[in-house]
Each structure stands twice: as C-alpha cells, then as structure tokens.
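Enquirer: So the sequence lines, in the order shown, correspond to chains A and B.
Sequential numbering of the first sequence, starting at 23, is according to the working numbering.
Sequential numbering of the second sequence, starting at 8, is according to the working numbering.
Honestly, the hints are just simulated from the structure, not real lab data.
There's no promise every hint is true.
List of simulated lysine to aspartate or glutamate pairs, EDC-like, C-alpha gap at most 20 Å [unchecked claim]:
1. B:Lys77 to B:Asp96
2. A:Lys124 to B:Glu78
3. B:Lys203 to A:Glu79
4. A:Lys145 to B:Glu44
5. A:Lys104 to A:Glu94
6. B:Lys202 to A:Glu48
7. B:Lys181 to B:Asp96
8. A:Lys124 to A:Glu94
9. A:Lys153 to B:Asp269
10. B:Lys203 to A:Asp41
11. A:Lys145 to A:Glu48
12. A:Lys153 to B:Asp237
13. A:Lys98 to A:Glu73
14. B:Lys181 to B:Asp269
15. A:Lys124 to A:Asp139
16. B:Lys265 to B:Asp168
17. A:Lys124 to B:Glu13
18. B:Lys202 to A:Asp139
19. B:Lys202 to A:Asp41
20. A:Lys153 to A:Asp41
21. A:Lys145 to B:Asp96
22. A:Lys104 to A:Asp139
23. B:Lys203 to B:Glu127
24. B:Lys77 to B:Glu44
25. B:Lys239 to A:Asp41
26. A:Lys124 to B:Asp96
27. A:Lys124 to B:Glu127
28. B:Lys265 to B:Glu100
29. B:Lys203 to A:Asp66
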Amino acid sequence: MFKNDALIILVDDMAAARDLTQGYLEGFGFNNIFTAEDGREAYDTIMSFAELSTPVELVISDWMMPVMSGLELLQKVRGNPKTAKIPFLMTTSEGNAPQVIKAIMQGVSDYAVKPFDSQTLFKKLTQVWNKTHPKG
Amino acid sequence: MPIQIEIEQNALIIRANSSTLDQDDIEACASACRVREREQTVIVFDFSQVQAVTDDVLGKLVAVANTLAKENQKLFVLAHPCFANIVADRNLEPVFQCFIRQNGPTDTRVVPPPMAPDAEVSQINEILADAVIRVTQTMVGIMPRRTSLHLLGNDPLPRIDLAANIVIMGGGFKGSVMLGFPQQTFLNLVTHFTKKPVNVHDRAHISWAAELLNVSFGQLKTALNGKGYDFKPTIPSVIQGTDIRLLHLNSKATSVAKLESDAGEYFVITSIVG
C-alpha cells in the first residue's frame, strides 16, 4: 500500500469535496497531501514536483472542473513521459458507461463514483497500488 | 444481442444489454477475450444494466477474471448498483482488477419515458429525492426520510434561506433542480458534515450544498440517461438570502419533496417543462 508520506495531489473545485476526501486520507495516515482547485493548478504542482525529482505518487482528481477538467489533466499527465506512470484515480458524480469508458481510454488507473465513504476510498487506493506495483 | 462487442482504440468493450447474465453471456465474454488482438490492451466489461446474476454465473465470471489476471490483462468492470451489491456481498470485488460501482437506485422502479410531462416531474423528483437521501447518508452520516412529495400548486414553500440550484440542459427539457435549506437545518447539516459546531456558514460550507446537489443529480443522470433522457453535465450555483420565496407560473411543473432528518427539514424541488 502507499506509504504514509506518499506525495498525493487531491484536485476538486468544490471545497467541501476536497475537505471530505482529505479527511478520509488523513484518517488513513497520509500526511503529504497537496490540494488544487482545478486541473491547471494541479498540473503545475505535479510538474513542479517532477522538476524537483520528488515525483507525485498519486493523483486523485474530480472530473468536472472549471479551467481544466479532470479528463484534460489525465491526458496531460499521461502525455508527459515524466508523469505518464503516476497512478490516477478519477472521482466524479458521473457514473454513466460512456463517460467511464472515456476515462479508461485515456489511461485512468481507477474510477470512483461519488459519493463514496472512507472504506470505498481505501479499497480503491489498495486496488490502484496493487495494479501499479504488481507482485513478482 | 444480449452481449455486444465493441472495439475503441486500444480497448475491447464487452457490453451486456440485458438486466441479467446467463452462462451463455459469460461464455460470449470469455470467447471475445480469447480472440482479442494484441493491441487491445484494455478490456471493459460494461455491466451497467445488469441487475441480477446467479451464483453459478458469477462463479464463471470470476473464472474469466482470474484467467485475465494471470495474463496481466487490464480489466475494468462497470457495475450497476444491484450487481455491485451482489459482488460486494460475496467479497469478490478484489477479484476484478478495477471494479467501478455506479451509484444510483437499487430498486427496479419503472422509469417514466421522456416527454410525458404530467407524471414526469413528480417521478423525476422522487428519484432525485431518493438520491439526495443516499448522498446525505454517505456524506453526512445521517438518514433523512421523505415525508411528502407534491406538486407546488398554490401552496407556498416553507422558509428557505439557502438553495443550491442546477439548470437542466439536454433531453428536450427546460427546467432546474434545487435543494432548499432553512438556515438552521443547513447549519446543523454542516455541523454533522464537518464534525465541528458551525454557527455561521462560510464559502466552503456553501460549496457543500452545491456538492450535495451535484452528486445527487449525477445519480439522477445515471438512472435516467440511456433511457431516452440525455441530461448534460452542468455546474451548480448557490443562492443565499433570507426567506427566499419560490414561485412558479406553472404550478403543475414543480414538484416538492420534503425531507426530514435529525438536522431538520429540507426540500428537493424539481421544475420541468417538456
């Protein structure tokens, strides 16, 4: 599983949603969480860390945001060799099949439909970890 | 065709077009996986319409997932809430590499067809109110109950001091959905949500009202889109004041659901003109 000091970027334009997810993450023991209000701010933060050689270890992003959406952020992250392999969890209230498939096509690591409780988020983090760090 | 196969870019999408899966359906899925091309690096099982499955069929599906896992094949499963519950009850979620649970109603109510205006506004508001109840329970940890559902008619709404609002776009409708809170109810709900006493709400608290409606509306869209509706994504706004009055010129176009909870009462309001 991700270490407690894993560098996590949490992106959501809604303060309430950020607070809720951040509270869950802190409850799991994570202590290195940066937040952003839109995809552009998040991407700038991700690139800043990449330049410092302290890469972001997980992005948790909402889909529908002003300035730059979660999908656009995912495309930019996957399109840059320095950030292409960062695990990316999309969290959104949009759970219809075409939208989920769109995110899958762009290389999302996993997808959580809101609202989710802390247990669901923990399961998702475990799944993302197992998928991005295969045994053997 | 109960099982439909599509190829999009690097993905093999296997979609079940019925509410149940049988052994033949799973065999069709397995067969499509076996003959996939090398460049299809992702497999998606779209089971977003599947509401029931027997243990035998589920066992066969697990075998398919295990085979794909051994081949290090990326597998995404998109699951209807009813199907997701069946999988979760049997602790089988970890079998599937990426299991995406849709949120929405788990009952099998008949969704009204679009453009049937008279019955529609109340039925849509009922689905939305149920979504608000589920979302409130998950986000806030309290369980509201719906105590009334009626057309606005000539009755004035009780006092509302804060309202989150989403304009409905798409599907041939004009209208909006709204969550209306009396001040004290809102403060009580935010207190539950933040787990700290809140006596005066701020900008972050207001965004909570918008998020509650946004997520609930997402569930409504998941329940209705694909059944002839086509609600587009929109962004919520919040209206704040004192004793806001809701008036509609067409009294039959607005449905009001009253929710009662330990935090107080609040209202789910849908207005639609086809």
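Enquirer: The structure should be examined with respect to each hint, and the outcome stated for every one.
Expert: Quick rundown of the hints versus the structure:
Using a Cα cut-off of 20 Å, the hinted pair Lys77 of chain B and Asp96 of chain B is violated, with the two alpha carbons roughly 24 Å apart. Restraint check for Lys124 of chain A and Glu78 of chain B: not satisfied, since their Cα atoms lie roughly 24 Å apart, outside the 20 Å limit. For the given pair, Lys203 of chain B sits about 31 Å from Glu79 of chain A by alpha-carbon distance, which is inconsistent with the 20 Å threshold. Between Lys145 of chain A and Glu44 of chain B the alpha-carbon distance is near 31 Å, which puts this suggested pair outside the 20 Å criterion.
With a CA separation close to 17 Å, the supplied pair Lys104 of chain A and Glu94 of chain A stays within the 20 Å bound. At roughly 15 Å between alpha-carbon atoms, Lys202 of chain B and Glu48 of chain A fall within 20 Å of each other, so this suggested pair holds. Note on Lys181 of chain B and Asp96 of chain B: the hinted pairing is violated, with a Cα-Cα distance of about 40 Å set against a maximum of 20 Å. Between the alpha carbons of Lys124 of chain A and Glu94 of chain A the distance comes to roughly 11 Å, so the proposed pair stays at or under 20 Å and holds.
With a C-alpha separation of about 42 Å, the suggested pair Lys153 of chain A and Asp269 of chain B falls outside the 20 Å cut-off, and the hint is violated. With a CA separation close to 13 Å, the supplied pair Lys203 of chain B and Asp41 of chain A stays within the 20 Å bound. The hinted pair formed by Lys145 of chain A and Glu48 of chain A meets the criterion: a straight-line CA distance of about 15 Å does not exceed 20 Å. For the hint linking Lys153 of chain A to Asp237 of chain B, the alpha-carbon distance of about 34 Å lies beyond 20 Å, and the restraint is violated.
In summary, the hint linking Lys98 of chain A to Glu73 of chain A is supported, as the alpha carbons are separated by about 16 Å, within the 20 Å threshold. Distance check on the hinted pair: Lys181 of chain B and Asp269 of chain B sit about 34 Å apart at the alpha-carbon level, beyond 20 Å; violated. At most 20 Å may separate the alpha-carbon atoms for a hinted pair to count; Lys124 of chain A and Asp139 of chain A exceed this at roughly 24 Å. With a C-alpha separation of about 15 Å, the suggested pairing of Lys265 of chain B with Asp168 of chain B holds against the 20 Å cut-off.
Between Lys124 of chain A and Glu13 of chain B the CA atoms are separated by roughly 14 Å; this keeps the pair inside 20 Å, and the hint holds. In summary, the hint linking Lys202 of chain B to Asp139 of chain A is supported, as the alpha carbons are separated by about 15 Å, within the 20 Å threshold. Distance check on the hinted pair: Lys202 of chain B and Asp41 of chain A sit about 12 Å apart at the alpha-carbon level, within 20 Å; holds. Of the pairs offered as hints, the one joining Lys153 of chain A and Asp41 of chain A is violated, with about 27 Å between alpha carbons and a cut-off of 20 Å exceeded.
A distance of roughly 15 Å separates the Cα atoms of Lys145 of chain A and Asp96 of chain B; the hinted pair therefore holds under the 20 Å criterion. Taking the CA atoms of Lys104 of chain A and Asp139 of chain A, the gap is near 32 Å; set against the 20 Å cutoff, the hint is violated. Annotation: proposed proximity of Lys203 of chain B to Glu127 of chain B is violated, straight-line Cα distance about 40 Å (limit 20 Å). With a C-alpha separation of about 17 Å, the suggested pairing of Lys77 of chain B with Glu44 of chain B holds against the 20 Å cut-off.
Using a Cα cut-off of 20 Å, the hinted pair Lys239 of chain B and Asp41 of chain A is violated, with the two alpha carbons roughly 26 Å apart. Annotation: proposed proximity of Lys124 of chain A to Asp96 of chain B is violated, straight-line Cα distance about 29 Å (limit 20 Å). For the suggested pair Lys124 of chain A and Glu127 of chain B, the alpha carbons sit about 30 Å apart, so the restraint of at most 20 Å is broken. Annotation: proposed proximity of Lys265 of chain B to Glu100 of chain B is violated, straight-line Cα distance about 36 Å (limit 20 Å).
Between Lys203 of chain B and Asp66 of chain A the alpha-carbon distance is near 33 Å, which puts this suggested pair outside the 20 Å criterion.
Going through the hint list in order, the structure does not satisfy hints 1, 2, 3, 4, 7, 9, 12, 14, 15, 20, 22, 23, 25, 26, 27, 28, 29.
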